[in-house]
Amino acid sequence: MTSSPTSLRVSTAVTCIVSGFVALGQAGPSAASANAQIAAAAAAQSWVPDGYYVPPYYPAPYGGWVDDWRDSYTKAKALVDSMTLAEKTNITAGTGIFMGLLFKDSADFTPAQRRCAGNTGSALRVGFPQLCLNDSPAGVRHADNVTAFPDGITVGATFDKALMYQRGVAIGKENRGKGVNVWLGPTVGPIGRKPKGGRNWEGFGADPVLQVVGARETIKGVQEQGVIATIKHFIANEQEMYRMYNPFQYAYSSNIGIRAGVGSVMMAYNAHPYLINGLLKDEMGFQGFTMTDWLAHMSGVASAIAGLDMDMPGDVQIPFFGNSFWMFELSRSALNGSVPMDRLNDAATRIVAAWYKFGQDQGFPATNFDTNSAAAVNQLYPAAWPFSPSGVTNEYVQVQADHDVIARQISQDAITLLKNDGGILPLKSSQHLKVFGTDAQKNPDGINACVDRNCNKGTLGQGWGSGTVDYPYLDDPITAINKEASNVTFYNTDSFPSVGQVLASDVAIVFINSDAGENTYTVEGNHGDRDASGLYAWHNGDQLVQDAANKFSNVIVVIHTVGPLILEKWIDLPSVKAVLVAHLPGQEAGTSLTNILFGHASPCGHLPYTITKAESDMPSSVTTLINSEFLNQPQDTYTEGLYIDYRWVNKNNTKPRYAFGHGLSYTNFTYTAASIKKVTQLSTYPPARSAKSGIPNFAQAIPSANEAVAPSGFNSIPRYIYSWLSQGDANGAVSDGKSNKYPYPSGYSTVQKPGPRAGGGEGGNPALWDVAYNLTVTVQNTGDVFAGKASVQAYLEFPDNIGYDTPIIQLRDFEKTEELAPGKTTTVTLTLTRKDVSIWDVVTQDWTVPAVDGGYKIWIGEASDNLSIVCHTDTLKCETGVTGPV
1 MTSSPTSLRV STAVTCIVSG FVALGQAGPS AASANAQIAA AAAAQSWVPD GYYVPPYYPA
61 PYGGWVDDWR DSYTKAKALV DSMTLAEKTN ITAGTGIFMG LLFKDSADFT PAQRRCAGNT
121 GSALRVGFPQ LCLNDSPAGV RHADNVTAFP DGITVGATFD KALMYQRGVA IGKENRGKGV
181 NVWLGPTVGP IGRKPKGGRN WEGFGADPVL QVVGARETIK GVQEQGVIAT IKHFIANEQE
241 MYRMYNPFQY AYSSNIGIRA GVGSVMMAYN AHPYLINGLL KDEMGFQGFT MTDWLAHMSG
301 VASAIAGLDM DMPGDVQIPF FGNSFWMFEL SRSALNGSVP MDRLNDAATR IVAAWYKFGQ
361 DQGFPATNFD TNSAAAVNQL YPAAWPFSPS GVTNEYVQVQ ADHDVIARQI SQDAITLLKN
421 DGGILPLKSS QHLKVFGTDA QKNPDGINAC VDRNCNKGTL GQGWGSGTVD YPYLDDPITA
481 INKEASNVTF YNTDSFPSVG QVLASDVAIV FINSDAGENT YTVEGNHGDR DASGLYAWHN
541 GDQLVQDAAN KFSNVIVVIH TVGPLILEKW IDLPSVKAVL VAHLPGQEAG TSLTNILFGH
601 ASPCGHLPYT ITKAESDMPS SVTTLINSEF LNQPQDTYTE GLYIDYRWVN KNNTKPRYAF
661 GHGLSYTNFT YTAASIKKVT QLSTYPPARS AKSGIPNFAQ AIPSANEAVA PSGFNSIPRY
721 IYSWLSQGDA NGAVSDGKSN KYPYPSGYST VQKPGPRAGG GEGGNPALWD VAYNLTVTVQ
781 NTGDVFAGKA SVQAYLEFPD NIGYDTPIIQ LRDFEKTEEL APGKTTTVTL TLTRKDVSIW
841 DVVTQDWTVP AVDGGYKIWI GEASDNLSIV CHTDTLKCET GVTGPV
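Taking UniProt numbering, the leading residue of the sequence shown gets 1, the next gets one more, and so forth.
None of these hints come from the bench; they were simulated from the model. Among the hints, a few may not be true.
As the list claims (entries may be wrong) - With a cut-off of at most 20 angstroms between alpha-carbon atoms, the simulated SDA-like pairs for lysine to any residue come out as follows:
{"no.": "1", "residue 1": "K428", "residue 2": "N519"}
{"no.": "2", "residue 1": "K220", "residue 2": "K428"}
{"no.": "3", "residue 1": "K457", "residue 2": "V502"}
Claimed, not checked - Computed Cβ-Cβ distance ranges for the label pairs, DEER-style:
{"no.": "4", "residue 1": "Q700", "residue 2": "T826", "range": "50 to 60 angstroms"}
{"no.": "5", "residue 1": "K678", "residue 2": "R70", "range": "32 to 42 angstroms"}
{"no.": "6", "residue 1": "S616", "residue 2": "T750", "range": "43 to 53 angstroms"}
{"no.": "7", "residue 1": "A401", "residue 2": "N801", "range": "51 to 61 angstroms"}
{"no.": "8", "residue 1": "A401", "residue 2": "G359", "range": "15 to 25 angstroms"}
{"no.": "9", "residue 1": "T750", "residue 2": "P711", "range": "29 to 39 angstroms"}
{"no.": "10", "residue 1": "G359", "residue 2": "K677", "range": "37 to 47 angstroms"}
{"no.": "11", "residue 1": "N492", "residue 2": "I424", "range": "18 to 28 angstroms"}
All of these numbers come straight from a predicted model, not from anything done at the bench. All C-beta atoms, glycine included, are put in the ideal place defined by N, C-alpha and C.
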């Protein structure tokens, strides 16, 4: 987490952070003095643990100073300058949950059928349309004729950049085809810090490099199709329970990668002006727009000056009455001067600039589906019931193309073989197979019977919640097994049945699973997080395996899971010969699995997290879920620091059951002829950043009150949220501004800052991505039967005695080979950047190379605990056949 090849510096925190912002960089020897400097400010925030407070950062930095965005900002500013006040406030917020009416002015009273998770207002008078914002990170949520792609955790398990990108391309094409302007994905927060966390499966794995590479490739693929991607959640959204506010309970807080040029960032339920203004917009140079999570908007002026650009879906937390903290209230705040016009203009320009940058001003499809209903004709404004007219809202546009191919390939290449005693796999089609577990067959009530997959019934292909996609079909395992084998008996039960006589040659295939999701739903006592089930299989799955192992001599376990499980109840039983983790395969659960089971392909997936032998092998700060904080602010303190997942077990010399990156194959690979080359001569700190230049002038006098007043003859729709004020309210706002001063928070300023020294471009100082070292290694398939793909993983070990606390090893790069036939070889290139060998210094507030040309070690191998090559940056020599550091 000190660095990555693409820009992820993850700040971990509670509501106000510091040591986490410091944080997932390394806390150096002067961290204590840095904390002492803010002790006085922290004293005013007594509910924040010592060392975890950061002062706010004002004002919100302007966008438009990064070269790649200049043209888009020039166009956007010209358009925003032509808007009225009400048009500007209209495009910065949603029109209300379930609403779909376009902004109307005196020239346009035509409704439009927009039925997305979120729908902004528009400024049709000047040509800016309503924007459709829609889930899911795995495709297009609540839509027909789309692909249910494998979830993020499955994609991460491929360790394959090409597949990550190809999935992004396909998701982008499907969203564009459905008329989605802003895709609410990918997910990188949570990062998987808490193994029981409900939404870990939406992200790519419990490592920042794996996460950010997955996000980078996805963003690139999606945005090349002209769809704006949204990285979420910013930041540290590591458990579901208590992430939301309600009238009786405070929430806690939220993770990101900016270097890829993402167009939008979704905040978590707790945000902070330092995170948005200081870290995201200034240091990391984010040029797009920030939005709230759904119904996470809690303030008006405060959120605007903290750097928020868009309120979604527009309502307050109880979305019943058409109330909002923005829209008409933002118009009022602009007129009374409490929200400066330059802040409103910057927010509106950021939104319009993203629209221009991805070419949505030319030929972008209209939205043609309805997230609220599968019927063709529906109410146009459901929240206005019973006053809503009806019309066509679903046009059933087919966008799947051949995307099932990439979905199936990902599902197949993600399957992770943990164990294969005696070479029981692959199976022969003539073997007598007895299949157990309801997870082997699709939900008998219907594959989409449970809304947002909010039940665990049948094959687990997705978690539950807003990260889901409705299945167009589900290729379930038992159907695929029956196609492959001639002698199959299926027991559709999670309790071991009477099976009659068992032959020594019979093979039992036991399907078990573990589910999780968004805390919108409670499933079998699990409140999003796995708080009821813990890290054990659902539906007595562990007992089912044990019972099968007592009866059969040959047991194969197939696991569909959102994350790690404790396998100790049965993993060492002699008859449990093989274990496969199929993760969450989406619609392609069957053939992708049987291709591996029957040897049509060799398994090549690798664990994107660690499987420990006991929950206590991880620190209590990550294994304990917040579960009781009535009326109090929950405190989730990151006392483990950098040491999550494999970093923790390595630090504590704990032997996991299966290490991060572990994955077996039907063949063997050898790594030889490794070499390392220095590409850039490094310095202790990166070269000084460039000054911001070409920043648009967003200043503007407060406009006339009439710019916020609805046109004559305007008729409102009940519960629809508008930016208009009445003439009396508009005049009153102007009057208030002359007599009252808004109580701005301590430290508030309207003077733009030059930017922190660690900034300078998207993702920070551009020099951080200078290539420091290139490494090459020859990979050979040394087996004599099966072709296969190797996953080459590179881990960095910092030199000793550098004065910084660093994990023993940290993933820095990875590459997947093409399929290699027996005896074939290929050469793989791995890259480390300046940032990869840097550490975040808490005093200088910059990335530092702690040992320029020093003795870094770069370990290469097949898993974090199976590293057989080490390359030295001081001698530029590599050794093969060595024993790894863990």
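**Asked** Hint by hint, which ones does the structure fall short of?
**Response** Result: hints 1, 2 and 3 break, sorted rising.
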